[in-house]
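Enquirer: Each chain, written out:
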Amino acid sequence: MNCDEVEELLGAYALDALPGDLWADVSAHLAGCSKHPEATELRAVAGALAFAAPEAQPSAALKSRLMDAVRADSAPPTEAPKRVGLLNRMKQLTSQRAIPYALAGALAVALIAVVLTNLDSGDSNRPGRATVSLSGEDNAAAAVYELEDGIIVVDAAGLKPLDTAHTYQLWSITSGQPSSLGLIGTAPNGEALAVVRAELKDIEFLAVTVEPAGGSIAPTTDPVLEGTA
Amino acid sequence: MSPDLPEPSQRNIYREDGGLADGLRRRDPLAMEVLYDRLGRQAFGLAYRILGDGPSAEDVVQEALLTVWRQADRIDAARGRLNSFVMTLVHHKAIDALRVKRGQQARQVPVDFAEVEKVGADFSDRVLQSIAGGEVREALAKLPEEQRRPIEMAYYEGLTHLEIAGALGLPLGTVKSRLRLGLEKMRAALRSGSGHELRRS
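Taken in sequence, the protein lines are chains A and B.
Per my numbering, the very first residue in the first sequence carries number 1; after that it's consecutive.
Per my numbering, the very first residue in the second sequence carries number 230; after that it's consecutive.
With the rest of the complex left out, here is chain A (with noise of 0.2 Å):
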C-alpha cells in the first residue's frame, strides 16, 4: 500500500470503518512512514464521537451488578492465573490427569511438609496418613488429612467472611461426579476447621466453593480453594 492510497482511506481507518484486513494494512504502513502526521488527528476526532451521543440513566442495577463483579474479582490482574471453571476442571482431570499435579505446583509441596511437620510433632501415629492441599486466590489455603479411616480435617485460613446469605461447602469430585462433604463455617479472622466423614483415598479432586446459605446439590461458582487428592 503506497501513500496515497493510505490518504485516501484515511477517514475511513480514523472511524475503524474498513474491513480488518485493510484496516492493519493502513496501520503498518503508518507506524513506518512519517508523512501522514494527520491519521493521529483524526482518529482523536473520531475517538471524541464517543462523547458526542447524548448521556443516560442506565438502572440502578448496573452499578450494583458491576461492583459485585468487580469485588468477586479482586485478584491481582497479572499474577492470578486463569480460572478455570469447576465443571472444565473437572472434564481436565479425567481426561489428563497430569495438569492439576502440575497446577498445584510448589506451594502445595510447601503445604505437605508443613503439616506433615506439624503431624509428627503432635502424634507419632499420624505421619504416613494422606494428606491434601488446598489452594486460592489471596493466600486461600487448606490442608487436608485424614484423621482416622474414614474421618478427614479440614483446615482452612485465608476464606473472606461471608455474609448470611452464602457458605462455603467442601465438594469432593471423583470421575468428573461432585459430591458435597458438608458446609464449612469461618471464624471472622478467615479460619475454618471443619471434621468431615469421607474416605481421602476415594477422593481424586477436593473443592471449596461459595454457595448460598443452606448449599447446593453441586456447585453453582467457581472454587476458592481447590486441589488434587
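Since the hints were derived computationally from the structure, they do not count as laboratory data.
Among the hints, erroneous ones may be present.
Label-pair restraints from in silico Cβ distances [said to hold, decoys possible]:
no. : chain 1 : residue 1 : chain 2 : residue 2 : range
1   : A       : HIS36     : B       : PRO284    : 48 to 56 Å
2   : A       : SER175    : B       : ASP302    : 52 to 60 Å
3   : A       : SER27     : B       : ARG331    : 23 to 31 Å
To spell it out: a stretch of chain A is covered by chain B in this simulated footprint if at least three of its residues, at any positions, have a beta carbon under 8 Å from a beta carbon of chain B; those stretches are [claimed, not checked]:
no. : region
4   : 2 to 13
5   : 49 to 58
6   : 64 to 71
7   : 151 to 160
20 Å max Cα-Cα, derived DMTMM-like pairs, lysine to aspartate or glutamate [unchecked claim]:
no. : chain 1 : residue 1 : chain 2 : residue 2
8   : A       : LYS63     : B       : GLU374
9   : A       : LYS63     : B       : GLU392
10  : A       : LYS63     : B       : GLU367
11  : A       : LYS201    : A       : GLU146
12  : A       : LYS35     : B       : GLU413
13  : B       : LYS414    : A       : GLU146
14  : B       : LYS414    : A       : GLU8
15  : A       : LYS63     : B       : ASP288
16  : A       : LYS35     : A       : ASP4
17  : A       : LYS35     : A       : GLU8
18  : B       : LYS414    : A       : GLU7
19  : A       : LYS63     : B       : ASP257
20  : B       : LYS414    : B       : GLU374
21  : B       : LYS414    : A       : GLU41
22  : A       : LYS63     : B       : GLU413
Glycine included, every Cβ here is placed at the ideal spot set by N, Cα and C.
Model the placement of chain B on the given structure of chain A, informed by the hints.
Expert: Chain B only, in chain A's frame:
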C-alpha cells in the same frame, strides 16, 4: 454486610485521573465505583445510542468496565486519558455486539490503552478540554448531512466504507472522501472551539 459508605475524603483522592488509575491498579473497588459514577451515564448513553436497547447496552458497559478493571496494570493515565480509554472500549464492545446481532463478523480492530495513548498527543488533550462543552456534538451537528450521515453510520452503526457506500447508493470513492472531509471539518471546529476554552481557563 454492605460496606460503609466511603468518606468523601476517600473519594477525593480519586478525583484526578492519576489517583484514579493508581486506585484501579491497586485493585481498590472504590476506584471503580468512582469511575462508574463519573462515566456510567456517558458510557451507557453511547452504548444505548449504538445498540438501541437498554439491557444490551448495560451488558456492554459492564463488560467494558470489567476489562478496565482486569487490565488496570496497563493503564497509565496521568494526563486525562482514562475517560477516552474507557469510552473507546465501550464503543468497540458495543459495535462488536451490534455486528454480532446483525449476523456480521465482529471487527478485528485492536483496542488497548497504548493505542489510545498513542492517538492522544497534545491534540487529544485539547479535544478533551472541549468535551464538557458538548462541542463534539455541536461540531458533528454542524456538518452537512452528506458528511454527517456517513460518519454516523461508521461510528454509531459500525458499518465499513463499503457497507456505507452500498446503503447510500454512492460510489466508494465518494464515501471515502466524505468521511475524511467530515472529520477534517470537525477537527477544525474543535481546534478553534477548544482554543477558546483554553484561553478562558
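Enquirer: If a hint holds in the structure, say so; if it does not, say that too.
Expert: Checked hints:
1. Judged by the Cβ atoms, the range 48 to 56 Å given for HIS36 of chain A and PRO284 of chain B is violated: they are separated by roughly 41 Å.
2. Checked against the hint of 52 to 60 Å, the C-beta distance between SER175 of chain A and ASP302 of chain B comes to roughly 40 Å, which is inconsistent with it.
3. For SER27 of chain A and ARG331 of chain B, the hinted distance range of 23 to 31 Å is satisfied, since their beta carbons lie about 25 Å from each other.
4. Given a C-beta distance limit of less than 8 Å, the hint that chain B covers the region 2 to 13 of chain A holds, as 5 residues qualify and 3 suffice.
5. Coverage of the region 49 to 58 of chain A by chain B holds. Counting CB-CB distances below 8 Å, 10 residues qualify, and the rule asks for three or more.
6. Three residues within the 8 Å Cβ limit are the bar, and the region 64 to 71 of chain A against chain B gives 6, so the coverage statement holds.
7. For a cut-off of 8 Å, the count of residues in the region 151 to 160 of chain A with a CB near a CB of chain B stands at 0, and the three-residue condition is violated.
8. Restraint check for LYS63 of chain A and GLU374 of chain B: the C-alpha separation of about 37 Å exceeds 20 Å, so the hint is violated.
9. Restraint check: the Cα-Cα separation between LYS63 of chain A and GLU392 of chain B comes to about 36 Å, which exceeds 20 Å; the hinted pair is violated.
10. In summary, the hint linking LYS63 of chain A to GLU367 of chain B is not supported, as the alpha carbons are separated by about 30 Å, beyond the 20 Å threshold.
11. For the given pair, LYS201 of chain A sits about 10 Å from GLU146 of chain A by alpha-carbon distance, which is consistent with the 20 Å threshold.
12. For a cut-off of 20 Å, the pair hint linking LYS35 of chain A to GLU413 of chain B stands: about 17 Å separates their Cα positions.
13. For the hint linking LYS414 of chain B to GLU146 of chain A, the alpha-carbon distance of about 76 Å lies beyond 20 Å, and the restraint is violated.
14. As the CA atoms of LYS414 of chain B and GLU8 of chain A are separated by approximately 16 Å, the hinted pair is consistent with the 20 Å bound.
15. Taking the CA atoms of LYS63 of chain A and ASP288 of chain B, the gap is about 11 Å. The hint holds against a cut of 20 Å.
16. With a CA separation close to 10 Å, the supplied pair LYS35 of chain A and ASP4 of chain A stays within the 20 Å bound.
17. Between the alpha carbons of LYS35 of chain A and GLU8 of chain A the distance comes to roughly 13 Å, so the proposed pair stays at or under 20 Å and holds.
18. A threshold of 20 Å between alpha carbons decides the hint, and for LYS414 of chain B with GLU7 of chain A the separation of about 16 Å falls inside it, so the pair holds.
19. At most 20 Å may separate the alpha-carbon atoms for a hinted pair to count; LYS63 of chain A and ASP257 of chain B meet this at roughly 16 Å.
20. Of the pairs offered as hints, the one joining LYS414 of chain B and GLU374 of chain B holds, with about 13 Å between alpha carbons and a cut-off of 20 Å not exceeded.
21. Taking the CA atoms of LYS414 of chain B and GLU41 of chain A, the gap is near 12 Å; set against the 20 Å cutoff, the hint holds.
22. At most 20 Å may separate the alpha-carbon atoms for a hinted pair to count; LYS63 of chain A and GLU413 of chain B exceed this at roughly 37 Å.
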